[in-house]
Amino acid sequence: MRLVGGDFNVTRSDSERFNRLGNAGDSALFSSIISDSTFVDLPISGQQYTWCNNHSSPASAQLDRILVGENFASSFAGCVVKVGNPKLSDHAPLTLSVQGSRTNPMFRFKHFWLVLPSFADTMKDCWTSEIRGNGSEIGTWISKCRLLGSRLRIWSKDLVNANKAHIVDLESRLESRISALEGPGISNSSSPLVSSSSSTSVSISELRATLDNCYEAENTYWLQRANVRWLKEGDKNTKFSHCIASGRRRKNWISSSNENGRIIDGEKDIAATFNSFFKNSIGTARAGLLLPDWGALYDHASSPDGLSAEFFIATWSTIGGDVTRALNELMCGNGDMGRVNKSFIILIPKVNGASSISQFRPISLTTSIMKILPNILATRLKNHITTLVDDTQCAFLKGRFTVDSYMAAYKIAHLCKRRKEDAMLVKVDMEEAFDSINWDFLCSLMEARGLPHLWISWILRILKSTESAVMVNGIPGPWFRHRRGLR
Numbered sequence: 001m002r003l004v005g006g007d008f009n010v011t012r013s014d015s016e017r018f019n020r021l022g023n024a025g026d027s028a029l030f031s032s033i034i035s036d037s038t039f040v041d042l043p044i045s046g047q048q049y050t051w052c053n054n055h056s057s058p059a060s061a062q063l064d065r066i067l068v069g070e071n072f073a074s075s076f077a078g079c080v081v082k083v084g085n086p087k088l089s090d091h092a093p094l095t096l097s098v099q100g101s102r103t104n105p106m107f108r109f110k111h112f113w114l115v116l117p118s119f120a121d122t123m124k125d126c127w128t129s130e131i132r133g134n135g136s137e138i139g140t141w142i143s144k145c146r147l148l149g150s151r152l153r154i155w156s157k158d159l160v161n162a163n164k165a166h167i168v169d170l171e172s173r174l175e176s177r178i179s180a181l182e183g184p185g186i187s188n189s190s191s192p193l194v195s196s197s198s199s200t201s202v203s204i205s206e207l208r209a210t211l212d213n214c215y216e217a218e219n220t221y222w223l224q225r226a227n228v229r230w231l232k233e234g235d236k237n238t239k240f241s242h243c244i245a246s247g248r249r250r251k252n253w254i255s256s257s258n259e260n261g262r263i264i265d266g267e268k269d270i271a272a273t274f275n276s277f278f279k280n281s282i283g284t285a286r287a288g289l290l291l292p293d294w295g296a297l298y299d300h301a302s303s304p305d306g307l308s309a310e311f312f313i314a315t316w317s318t319i320g321g322d323v324t325r326a327l328n329e330l331m332c333g334n335g336d337m338g339r340v341n342k343s344f345i346i347l348i349p350k351v352n353g354a355s356s357i358s359q360f361r362p363i364s365l366t367t368s369i370m371k372i373l374p375n376i377l378a379t380r381l382k383n384h385i386t387t388l389v390d391d392t393q394c395a396f397l398k399g400r401f402t403v404d405s406y407m408a409a410y411k412i413a414h415l416c417k418r419r420k421e422d423a424m425l426v427k428v429d430m431e432e433a434f435d436s437i438n439w440d441f442l443c444s445l446m447e448a449r450g451l452p453h454l455w456i457s458w459i460l461r462i463l464k465s466t467e468s469a470v471m472v473n474g475i476p477g478p479w480f481r482h483r484r485g486l487r
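Start counting the sequence shown at 1; every next residue gets the next number (full-length UniProt numbering).
Because the hints were derived from the structure by calculation, they are not lab data. For clarity, every value in this text was computed on a predicted model and none was experimentally measured. Positions of the beta carbon are idealized from the N, C-alpha and C atoms, including for glycine. Careful: at least some of the hints might be erroneous.
Between beta-carbon pairs, the in silico distance windows are [stated by the list, open to error]:
(1) S358 x R208: 38 to 44 Å
(2) N19 x A378: 27 to 33 Å
(3) D36 x L425: 46 to 52 Å
(4) I348 x L381: 46 to 52 Å
(5) R146 x P117: 21 to 27 Å
(6) N473 x M1: 20 to 26 Å
(7) R108 x K164: 17 to 23 Å
(8) K427 x A24: 42 to 48 Å
(9) K417 x P478: 31 to 37 Å
(10) D121 x S31: 38 to 44 Å
(11) V98 x A413: 48 to 54 Å
Taking lysine-lysine pairs in the DSS-like style, the calculated list, with each CA pair at most 25 Å apart, reads [as the list claims (entries may be wrong)]:
(12) K411 x K124
(13) K279 x K464
(14) K371 x K382
(15) K398 x K420
(16) K371 x K342
(17) K382 x K411
(18) K371 x K144
(19) K268 x K382
(20) K417 x K427
(21) K398 x K417
(22) K398 x K371
(23) K398 x K144
(24) K82 x K124
(25) K164 x K144
(26) K279 x K371
(27) K82 x K398
(28) K371 x K268
(29) K164 x K268
(30) K157 x K268
(31) K350 x K398
(32) K342 x K464
(33) K279 x K268
(34) K382 x K398
(35) K350 x K279
(36) K82 x K268
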């Protein structure tokens with residue numbers, strides 16, 4: 001494992017300098033050296049620059065950094081570099097915090113399980129077990145998902161290691177068989193490798209087929225971890241996929257939080273900070289400030305279970321009946337929607353080295369059932385959306401895009417400037433609009449647009465039964481109930 005750190009006296013881009021000139025050629029050369037040496041430049045946290053000249057008109061730059069080899073980065077995907085207090089020096093000290101691989105307590109369906117021959121039987125035996133959820137279809141669904149998760153954990157724990165050992169064994173056997181066939185005294189014309197009728201050839205073909213299946217399982221595992229969808233078949237399971245998987249985890253790792261100038265360290269304190277923010281944002285109800293006269297405004301009558309779409313597609317013949325019955329129970333109002341209406345708030349950094357809450361983009365991951373139900377409602381609403389959304393709007397209408405509004409605003413501004421006409425443009429900041437929508441406001445809007453009470457009750461049940469937990473470094477925080485906003 002390689003690790004190099006210190007003052008390199010050069011930056012990699014203009015964003016690493018403030019009030020200081022730099023040489024673009026030196027930056028490009030330094031970046032190419034890092035790339036050619038297969039080093040990973042670890043991101044820093046705490047502050048952006050590591051050097052300051054301490055003058056009245058200060059200049060700052062990131063001259064200090066820590067570079068690690070690919071093996072180090074793969075083994076310690078959660079390692080971060082913290083910038084300390086420079087005190088009397090013009091360079092700030094760097095502290096490397098190394099954290100080993102952590103086991104994820106969350107169950108997550110692995111796509112490579114689908115290519116394993118024993119998965120179908122294991123899944124079917126588990127799902128068809130006699131399970132009752134206290135007379136409720138939702139309870140039965142939850143019990144089966146939990147049982148399936150625990151069974152698949154046990155089933156796959158030894159299977160992954162066995163698959164690796166099986167690959168090594170198959171490669172050794174295949175190499176020995178081919179070496180024996182290509183030994184002295186055997187001509188190409190009589191070689192079983194070119195004779196499909198030979199029993200030895202059939203044996204080698206079987207070895208290769210089995211080995212290909214094992215490779216495919218391992219390829220699928222790494223592609224899911226890397227989350228790179230544009231790789232070609234020949235690029236699978238390469239060092240690139242491994243580095244991408246480690247890099248994604250390192251980029252999304254939250255090592256500290258900077259809130260109001262206060263640096264917060266420690267996973268528990270960071271998790272409490274993010275949880276408090278989102279709980280106050282969407283877990284606290286606020287009185288509606290505006291309930292307009294909709295009649296005057298309008299003249300005429302809007303995953304915690306770990307299961308993926310691939311799982312539903314591959315096993316629908318087995319689980320389809322349970323899914324349908326659970327959805328029917330929810331639509332009829334007989335099931336407890338709160339038992340399945342849960343989501344994880346995942347924090348995606350908008351910039352490198354994100355530390356404050358505003359620098360993260362929250363994404364809500366819902367359970368599989370609660371992805372299907374809103375999709376059913378959206379499909380029904382699609383046939384009537386043109387009567388609910390004005391034809392001058394760009395969003396929510398088929399064939400129109402939000403970017404059309406920007407183009408129209410630009411053309412209008414350009415036209416007014418060219419004609420030298422007086423005009424006023426108003427920019428409305430819609431930041432966090434989905435998190436601040438008042439439910440009483442939404443309900444009155446749906447009533448004003450003539451939506452049936454049954455439809456309104458479905459929407460309100462989905463909103464009011466939602467519970468979320470903030471995920472920080474793969475660990476979910478406490479659950480809290482939503483009081484406003486949309487998901």
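25 Å limit on alpha-carbon distance, applied to hinted pair K279 and K464
Roughly 14 Å separates the two Cα atoms, so the pair holds.
What's the verdict on K268 and K382, does the C-alpha distance respect the 25 Å limit or exceed it?
Between K268 and K382 the Cα gap is close to 44 Å, so the pair fails against 25 Å, i.e. violated.
Distance restraint evaluation - D36, L425, Cβ atoms, bounds 46 to 52 Å:
Roughly 49 Å apart at Cβ, these two residues keep to the hinted range, so it holds.
Holds or violated: K382 to K411, with C-alpha atoms at most 25 Å apart
violated, 31 Å
Given pair status - K398, K350, alpha carbons within 25 Å
violated, 29 Å
Just to be careful, I want the Cα atoms of K342 and K464 compared with a cutoff of 25 Å; is the pair within it?
Answer holds: K342 to K464 is near 11 Å, not above 25 Å.
Cβ-Cβ distance between I348 and L381: within 46 to 52 Å?
Hint violated: Cβ distance 28 Å, outside 46 to 52 Å.
Okay, S358 versus R208 on CB: inside 38 to 44 Å?
violated, 54 Å
Range agreement (Cβ of P117 with Cβ of R146, hint 21 to 27 Å)
holds, 25 Å
Does K268 lie within 25 Å of K279 when you go C-alpha to C-alpha?
holds, 16 Å
Straight-line alpha-carbon gap K279 to K371, limit 25 Å
Judged against 25 Å, a Cα distance of about 22 Å means the pair holds.
Is the hinted pair K82 and K268 satisfied, with a Cα-Cα distance of at most 25 Å?
holds, 18 Å
Hints 1, 2, 4, 8, 9, 10, 12, 15, 17, 19, 21, 23, 24, 25, 27, 28, 29, 30 and 31, counting from the list given before, are not met by this structure.
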